[in-house]
Amino acid sequence: MITRSLLAAASLAALLAAAPGAATAQGTIRIGMTAADIPLTHGQPDQGFEGNRFTGIPLYNALVEWDLTRADRPTPLRPGLALSWEVDPNDKTRWVFRLRPGVKFHDGSDFNADAVVWNVRKVLDRDAPHFDPRQVGVTATRMPTLRRAEKIDDLTVALFTSEPDSILPFNLTNLFMASPKHWEAKRAAAPNAEAAWNAFAADPSGTGPFRMARFVPRERAEFVRNDAYWGQKAKADRIVLLPIPEANARTAALLSGQVDWIEAPAPDAVPQLRARGMRIETNTQPHVWPWQPCFVDGSPLADVRVRKAINLGIDREGLKTLLGGMMVPAVGTVQPGHPWWGNPSFQIRHDPAEARRLLAEAGYGPQRPLTLKVQISASGSGQMQPLPMNEFVQQNLKAIGVNVEFDVIEWNALFTNWRRGCRDASARGAHAINVSFAAMDPFFAMLRFWDSKMAPPVSNNWGFFSDPRFDAMVAEARQTFDPAARDAALARLHAAGVDEALFIWIAHDVSPRAMSPRVRGFVQPQSWFVDLTLPFIQ
Amino acid sequence: MLTYLLRRVLYAVPIALSVGLVCFLLVHIAPGDPINAIVPADAPQELVDQIRRDYGLDRPLPIQFGIWLGRVALGDFGLSLATGRPVWSDLSVAIVNTLRLAVAAAMIGFPLGCLLGALAGSLQGTAIDKIAVALAVTGVSVPHYWLGMVLVVLFSVTLGWLPAMGAGPGGSSDWAWDWEHVQHLILPAVTLSVIPMGIVTRTVRGLVAEILNQEFILTLRGKGLSRGGIVLHVMKNAAPNAIAVMGLQLGYLMGGSILVETVFSWPGTGLLLNNAIFQRDLPVLQATILVLAMFFVALNLIVDLAQTALDPRIRRA
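Read top to bottom, the protein sequences are chains A and B. Residues in the first sequence are numbered consecutively from 4, following the working numbering. Residues in the second sequence are numbered consecutively from 161, following the working numbering.
According to the in silico footprint, chain A covers these stretches of chain B (three or more CB under 8 Å from chain A):
no.	segment
1	211–218
2	321–334
3	423–429
4	432–444
Note that these hints are calculated values from the structure, not bench results. C-beta: ideal position from N, C-alpha, C; glycine also.
Excised from the complex, chain B in its bound form:
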């Protein structure tokens, strides 16, 4: 197991390098200029050139990439081109905010998806199944952006029950798990939860339906096992695959949603990325994507380990 773990950690290195390189190249291939984050368009060329030199943006691209890589290896993500602040100071706050939102969305979407999927899978062809499937399809299909705005119009503008934006009455820096703050989390978390809810519903429904049709369930029924006992067996058999899907979904949620975070002005990684893309803020863009990619890698590893623990038939050499 230790060898497996080490190998997986080593796999992360080329992934990190590739992610960094692709992101770096994409930003440089795209039209526009990172220098626009620092100087207005009406700046004279002499000044633009001087500032390009100050920031090392006049050097050949491989050297720029090498310098960045060297710094990252030492844990230094550099300074934002746009604000001059250390990238890590903004990124760490954004990650915590996105994590908060992702976990809240997962806590809404995953149990609901499991419940609807289990009901639909065990009651196939009934009205409950059809309703669950309809909800799942709607959840996967509905545009986040639109749903977020509808929820804001309904619950913030019309009813005045919940805040429309922000991460707390005083911002996210003094976050507490009290109603004053949690109420800011509800609408973005609900909006973000509908896609994982739909995907988990469909996955669990398929798994439950398939397991219920297997012979060992017939045997268990024939032996007179109670309904609760059979449900337990179904759950145990469905868990590894369901966890794999939920793990991937959590990865997507932690990547932040540019649209949801923009609609709700939620100061997470999605909003940070959005701003960095428009400003061509290369250090912020590269660091954010790299950290999110590493999150995804780590999460996949955790899911694999969890699957092994739940199902000894899955061997990790």
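Bound conformation, chain A alone:
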């Protein structure tokens, strides 16, 4: 009898060992998102980077992707649907991408150079039958120099930029490849292209590790594993996305077992979540929560000594304690150790004595106190806890003799003002603005703020910073195509930016998410995104 049981157990073990796919493919992961609606599913998600995280990367692939498999390093790029790429040595506005062979869309059609050209045209060619203005806003802004694509052969494609731009591979992580054949099928049954895209969004077809199984607008999206995926297949069988915009509702949903994972739990709830056995995942995020100075004449922050003093007057460790540890003190746009860190001589730290000395040198003191006006929001995507955080900084600066007044406005309005610049009436005389931003890509991290050509209305150089030295460094970074040399140029730019204290750097978010202990295999990379092929339910 015992022998028979042992034999049965051994047979079972052998079966499990022989079927690793079956053993690792596990469970349904239910995720409570912060978004109030399911991000758009037609291939170019809205809802900021939460959209790319949950309905972009899982359903689609881009030519170039982020390697989200490790937590212990800044997230690098890796080949996605393109195996390799290089700029044309004779024409630096022409890039050649060699595509991955054998990739199929969820509908079974082939991914090839025609599909790439079609996907570039969907957002850049207003004469294309499938051009979709709705996808332009969220896409074109993230690849500002891309102009067109041209097929060379089935597996080679050329992309053209408006000017030599070494940043293009980063930008292309935002252009997801949707299936032309599937869209054509939808178009045949729809009265116009707009309706066809709506039908496509309800039943999308990409090349990603998951396929859409169910879509209920505003309520849920369900993905199932794509067993024909060209890369590492997902371990979970199914992902369910639920929009739960209210932080307490998300926490309650996790604690009551309605979901397995929530984004951004309420900071106050973290101890309770931990006490109930939930795991809190955090990591440094390429996110910056700063005060962006106004550099125009008359602004006290046009003086580098004042900017340095403000940077030195902030107790970032105290702020971290206030947030229950849910931040990383910011000493630059990127953290030390990052390839773009460089070697700045100005060390950002909490040094009130030095801050007072610099202010005195700039002519401020008890007889002539400095007063700053800062535009902030009461809430907003990526804004962390703007009111208590700003009030904490206000108290810090009071201690070095700086009075701070806040102009608190609604998030959407603050966003609009950000595009208009500090000379505009909407700034209402503010000397700084508190808008957080993503810093994954060199353009979004630095170039758009420190290039004089990026002043409003072109981009987000809100403070009208203008310095030929920085313009030259930006141009050098954009025109250096060897990745290592480009990173070195970006490091020089970053170091110079820190030395000139071009921001009041305060915090980096750590992207907290809470998970049931049943969720295994999850990796929290140093990124806004996660790899949903890794986690599973045990």
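Assemble chain B onto chain A, guided by the hints.
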């Protein structure tokens, strides 16, 4: 009666126009920009301008309003700026969900309010009266948002008896009146019911107390009418006013509660409005408010007709 009905329906037209116009103006007066629903803040101005033209948001405001009005007259609410989906497809689902929640809240709040009000009105000054009044005041005063969270903490997080959010295990699209779905309705409906419960309690209490002090009740008692018979007379006399109040309350409930629907992630009109406000999604905002206003107008008409039917003394010319 037919003339009266027609006149009331015609009254709805200027109300609809005013609601649409006020909503349109408020959205444009408020700081912020509807274009933010479509493009991120870091978009270059050239792109923003192009998309503004694509959506017709660069045209003068009266023309934008006229175009919207023309479409609505043909039954087309347009497309959401944020999602590109037809507004009606999202709005119709949200209305059904809110209706479900409103009716459930009314079924809890109205009978309870009538019962407590009747008891309090007929037993004035007793402990029962004081308890009923205390419950009514609490119901009217307690913040929805807070009560919803307390109920979630108690019944979902601590006891694990009821779900904390959502409109069913698979969403509202496959709704059925079974326990799997109804359990999602209980906490939001109870939360939403406390205000109408309090208002109806106070109204009915006042009505019952006033009617009981009238001379015809004394006459009925003097003639030896049973207690049940007197209650019937009181109910009949209180009904028109009580129905008017309940009708208005049902109107408020159908308007959806932004706070309750947000706390429970209930996909109704409140949540839809909340999202549309933050995104400046003008077509969704205007259509939702217009439809809700029309609901209110229709409900008022139904209440008026019901009052006439119950009390022939109320004449509708």
